[in-house]
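Chemist: Residue numbers (my numbering), protein chains in the order written: chain A, 149 to 409; chain B, 5 to 252.
Simulated from the structure, these hints should not be mistaken for lab results.
Beta carbons are placed, not taken as given, at the ideal position from N, Cα and C, and that holds for glycine.
Mixed in with the good hints there might be a few duds.
Quick list of in silico lysine-lysine cross-link-like pairs, DSS-like style, CA-CA up to 27 Å [to be verified]:
hint : chain 1 : residue 1 : chain 2 : residue 2
1    : A       : LYS324    : A       : LYS200
2    : A       : LYS254    : A       : LYS300
3    : B       : LYS17     : A       : LYS254
4    : A       : LYS174    : A       : LYS200
5    : A       : LYS251    : B       : LYS50
6    : A       : LYS266    : B       : LYS17
Partner residues aside, some chain B positions facing chain A, computed with beta carbon under 8 Å [claimed, not checked]:
hint : residue
7    : ASN6
8    : ILE10
9    : ARG18
10   : PHE88
11   : LYS90
12   : LEU252
Here are some chain A residues the structure puts well away from chain B; computed CB gaps all over 12 Å [as the list claims (entries may be wrong)]:
hint : residue
13   : GLY167
14   : GLU176
15   : ASN184
16   : LEU198
17   : LEU236
18   : LYS254
19   : GLU263
20   : LYS266
21   : TRP271
22   : ARG274
23   : ASN327
24   : HIS339
25   : VAL360
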Amino acid sequence: MIWASELIKNFGAISAVQGISFEVPKGEIFAFLGPNGAGKTTTIKMLTTLLKPSSGRVELDGLDPATQPQEARKRFGIVFQDSSTDDLLTAYENMEFHGVLYKVPKRIRAGRIEELFKLFGLWDRRDHQVQYFSGGMRRRLEIARGLLHTPKILFLDEPTLGLDPQTRNQLWSQVKRLNETEAVTVFLTTHYMEEAERVAHRIAIMDQGRIVAQGSAAELKQQTGTDSLETAFLALTGTSIREEEGGSIDRMRRMAKLFRR
Amino acid sequence: MNAVYILWLRQLKRYGRSRSRMAASLAQPLLFLFALGFGFGPIFQKAGHGNYIQFIAPGVIGMTVLFNSMFSGIELIWDRQFGFLKETLVAPVSRLSVMIGRTLGGATTALIQGVIVMAVCTLAGFRVQNPSLLPVALLFMALIATTFTALGTGIASLLSDFQGFQLVMNLLVMPAFFLSGALFPLGEAPAPIRLIASMDPLSFGVDGLRTALIGVAHFGIPTDLGVLAMFTALFLGVGGYLFSRIQL
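For reference, chain A alone in the conformation it holds in the complex:
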């Protein structure tokens, strides 16, 4: 369902992704683990038509996102790592907007939104503008929105960042349900080992732009001779903390804070 071969992405002199290859069969939950700056998000961007690879090939359901972006976009849904909601719209309007763009039929849209809002505890706040939401509520909205339509492939880029255990639990049971009942292929990144171990069929560990190991949690533990995924992860990627450069977006966010209403 997802296939990548020798995928490379360079930003100027910096090489974010340095020739990775992997395959995710239909109906599998596949997790990408890696320290900050490993290239996980860059990889997801290349898979979801937001970035063009410097070289290498990608296929989503047999389609190349670089040359057939619009067809490819019909195949997937995504929950982004950082905010992607409209602050001035209400939670409900954000959902509606998504539903229209993804052609969720009107007669099932309202019911589906209600169901997801109740599931993620947003129903009472549905008519509030997102600018008044807390960080956790924003994340819940992003996740609810990502589940509004049922894609063939679901990308989750660190979806549980900053979520409470209750919401995390809801999220993963929803994802598992979609995976089991609708055979949705799931591609996720996370920093939480126990999550990856709990939901993912297979795991790839990425570090400094390369995949350093892949296999099931059990295989990774066996391969490194460790007894937990966390120690296996540290054995594969080392214990030093990674540098990550703040891009223009970070600079801009800081500036925007100064001008906030």
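Here the structure of chain A is known, so what remains is to put chain B in place on it, guided by the hints.
Modeler: For chain B alone, kept in the frame of chain A given last:
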């Protein structure tokens, strides 16, 4: 088509909810109207050109539409920074329809601002010569709005933050306004200014507005309409192309 509509609607909702922006974007045109209109009024009168408020009001309306539509286009940078752009760029709709929806939405808000300023001009003593030509004036306002929203969107597609924004304001928007004949009659301006004005889409927009509102023409409505429509098509095309190439 639904995608275009929902994107248009979103721009309108955002506009309706940012009152401070609405107020701020009215302040500047009013300053021009009152300071220049009343300040230069007596001199204009003595030079034998009649009432300056009458003359400058279409220019100030054109300017309002120019500034607001440029700003609406540039607003794309905010969406990029705050992440909402991603949501629209991965959606299964063509980038062109996303761009058209945004542009029409931004243009509509600029048009509304223009209408508000026209009403305020009337309070300041401006009189429309022939009310039956008001639809023509609205058409010109809509074309100015679409042209510059598309241009702003195109430029914003190339910028990842606001560092280049000041450059755009100073090198593009301000000259487009001051050299368009919004504030002075082009007919008696020196040849170089007339030449530059004849390459500025706003010149044709303001001239069309002025002809429709007070019956004073420089290029004449057919030329105004033809040239402005050409610019609209050009900027929509170029803006759509640049937008479709955005990478995040």
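Chemist: Next, verify each hint and record whether it holds.
Modeler: Cross-check of the supplied hints:
1. Between A/LYS324 and A/LYS200 the alpha-carbon distance is near 30 Å, which puts this suggested pair outside the 27 Å criterion.
2. Using a Cα cut-off of 27 Å, the hinted pair A/LYS254 and A/LYS300 holds, with the two alpha carbons roughly 20 Å apart.
3. Distance check on the hinted pair: B/LYS17 and A/LYS254 sit about 20 Å apart at the alpha-carbon level, within 27 Å; holds.
4. As the CA atoms of A/LYS174 and A/LYS200 are separated by approximately 24 Å, the hinted pair is consistent with the 27 Å bound.
5. Proposed proximity of A/LYS251 and B/LYS50 is contradicted: the alpha carbons are some 63 Å apart, above 27 Å.
6. The hinted pair formed by A/LYS266 and B/LYS17 meets the criterion: a straight-line CA distance of about 25 Å does not exceed 27 Å.
7. For B/ASN6, the shortest C-beta to C-beta distance to chain A is roughly 5 Å, which falls under 8 Å, so the interface hint holds.
8. Satisfaction of the interface hint for B/ILE10 is found here, the shortest Cβ-Cβ separation to chain A being roughly 4 Å, below the 8 Å cut-off.
9. The beta carbon of B/ARG18 is positioned within 8 Å of a beta carbon in chain A (closest approach about 5 Å), and the interface hint is therefore held.
10. At about 5 Å, the closest approach between the beta carbon of B/PHE88 and any beta carbon in chain A falls short of 8 Å, and the interface hint on this residue holds.
11. Interface hint status for B/LYS90: upheld, as the beta-carbon distance to the closest one in chain A is roughly 5 Å, under 8 Å.
12. Checking B/LEU252 against chain A by beta carbon gives a least distance of about 5 Å; that is within 8 Å, so the hint holds.
13. No Cβ of chain B comes within 12 Å of the Cβ of A/GLY167; the nearest lies about 20 Å off, and the non-interface call holds.
14. Remark: the non-interface label on A/GLU176 is consistent with the geometry, its nearest Cβ contact in chain B lying 21 Å away (cut-off 12 Å).
15. Every beta carbon of chain B lies more than 12 Å from that of A/ASN184, the smallest distance being close to 19 Å; the non-interface claim holds.
16. Non-interface status of A/LEU198 relative to chain B is broken: a Cβ of that chain comes within 12 Å, the nearest being about 5 Å off.
17. The beta carbon of A/LEU236 is not kept farther than 12 Å from every beta carbon of chain B, the shortest such distance being approximately 5 Å.
18. Not every Cβ of chain B is farther than 12 Å from the Cβ of A/LYS254; the closest lies at roughly 10 Å, contradicting the non-interface assignment.
19. With a least CB separation of 21 Å from chain B, A/GLU263 remains clear of the 12 Å interface cut-off, as annotated.
20. With a minimum CB-CB distance of about 23 Å to chain B, A/LYS266 clears the 12 Å threshold, and the non-interface call stands.
21. For A/TRP271, the shortest C-beta to C-beta distance to chain B comes to about 21 Å, beyond the 12 Å cut-off, and the non-interface label holds.
22. For A/ARG274, the non-interface assignment is confirmed: its Cβ lies about 15 Å from the closest Cβ of chain B, beyond the 12 Å cut-off.
23. With a cut of 12 Å on Cβ distances, A/ASN327 stays outside the contact zone with chain B, its closest approach being about 20 Å.
24. Taking the minimum C-beta to C-beta distance to chain B, about 20 Å, the non-interface status of A/HIS339 holds against the 12 Å cut.
25. At the 12 Å boundary, the C-beta of A/VAL360 stays outside the reach of chain B, the nearest C-beta of that chain being 26 Å off.
Violated hints for the displayed structure, listed by number in ascending order: 1, 5, 16, 17, 18.
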